[in-house]
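Asker: Sequence:
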Amino acid sequence: MNKLLWRTSGHYRQLAEALSSLGPVVLLLFRVWVALAFWHAGVVKLDDPAGTFYLFNNEYHVPLLSGDAAAFLGTWIELVAPWFLLLGLGGRVTAGFLFVYNIMAVVSYPDLWPHGFWVGLIGNDFSDHKVWAMMLLAVIAWGPGSFSLDRILDRFRPMDKRGDGTDAAVRAG
Numbered sequence: 000m001n002k003l004l005w006r007t008s009g010h011y012r013q014l015a016e017a018l019s020s021l022g023p024v025v026l027l028l029f030r031v032w033v034a035l036a037f038w039h040a041g042v043v044k045l046d047d048p049a050g051t052f053y054l055f056n057n058e059y060h061v062p063l064l065s066g067d068a069a070a071f072l073g074t075w076i077e078l079v080a081p082w083f084l085l086l087g088l089g090g091r092v093t094a095g096f097l098f099v100y101n102i103m104a105v106v107s108y109p110d111l112w113p114h115g116f117w118v119g120l121i122g123n124d125f126s127d128h129k130v131w132a133m134m135l136l137a138v139i140a141w142g143p144g145s146f147s148l149d150r151i152l153d154r155f156r157p158m159d160k161r162g163d164g165t166d167a168a169v170r171a172g
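Using numbering that gives the first Met the number 0, the letters of the sequence shown map in sequence onto residues 0 to 172.
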């Protein structure tokens, strides 16, 4: 029995190591998926400015902003921020920004939760937004991954600025 457990745990360890190499690909796919969703929404707003201004002035209830200001900002946020997410530039900050933006979108548009916000939070209401939130949380937690501009730019940063805990004087001496 011990031999079987030993072999099984060894195979499991190998499988786990092989699957962990999928992490950067998964983070890239999450970034692409969410970026496309937000960018597409921005393109729709840009294609119909009159409809966008109508929705923001009459249907959406964005706090602290006028309908016109919210329409303008919402359109341009959805056209610009997805590119940062897609490229992995400022990955965690961009994902955090879009996470908060996603929450504002859900809260501002009650038609997304026809059964009530708290019921919809557990139920099937605004399911796309929930999926995007989970994908964005993954990028916030683990960063944009290996396939990102953040990772490329990190190579050009001085070693003592990377936060690896070693002092430049220690490495030099």
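Keep in mind that the hints were calculated from the coordinates and are not lab data. Mixed in with the good hints there might be a few duds.
What the hints assert, rightly or not - Derived Cβ-Cβ restraints for the label pairs, each shown as a range:
(1) His10 / Gly115: 22 to 32 Å
(2) Val43 / Trp5: 20 to 30 Å
(3) Tyr11 / Pro48: 22 to 32 Å
(4) Leu72 / Trp32: 41 to 51 Å
(5) Gly115 / Pro157: 48 to 58 Å
Claimed, not checked - Here are the simulated DMTMM-like cross-link-like pairs (lysine to aspartate or glutamate), alpha carbons at most 25 Å apart as the crow flies:
(6) Lys129 / Glu16
(7) Lys129 / Asp110
(8) Lys2 / Glu16
Each residue gets a CB set at the ideal place from its N, CA and C atoms; glycine is no exception.
Asker: The structure should be examined with respect to each hint, and the outcome stated for every one.
Answerer: So, going through the hints one by one against the coordinates:
In this structure, His10 and Gly115 break the distance hint of 22 to 32 Å, their C-beta atoms being roughly 48 Å apart. Between Val43 and Trp5 the beta carbons are some 57 Å apart, a value that contradicts the proposed interval 20 to 30 Å. For Tyr11 and Pro48, the Cβ-Cβ distance of about 56 Å falls outside the hinted range of 22 to 32 Å, so the restraint is violated. Distance hint for Leu72 and Trp32: a CB-CB separation of about 23 Å, inconsistent with the stated range 41 to 51 Å.
Our hint of 48 to 58 Å for Gly115 and Pro157 holds, since their Cβ atoms are close to 53 Å apart. Proximity of Lys129 to Glu16 is assessed by CA-CA distance (about 29 Å); at most 25 Å being required, the pair is judged violated. A threshold of 25 Å between alpha carbons decides the hint, and for Lys129 with Asp110 the separation of about 15 Å falls inside it, so the pair holds. Distance hint between Lys2 and Glu16 is fulfilled; the C-alpha atoms sit about 21 Å from each other, no more than 25 Å.
Of the hints listed earlier, those the structure fails to meet are numbers 1, 2, 3, 4 and 6, in rising order.
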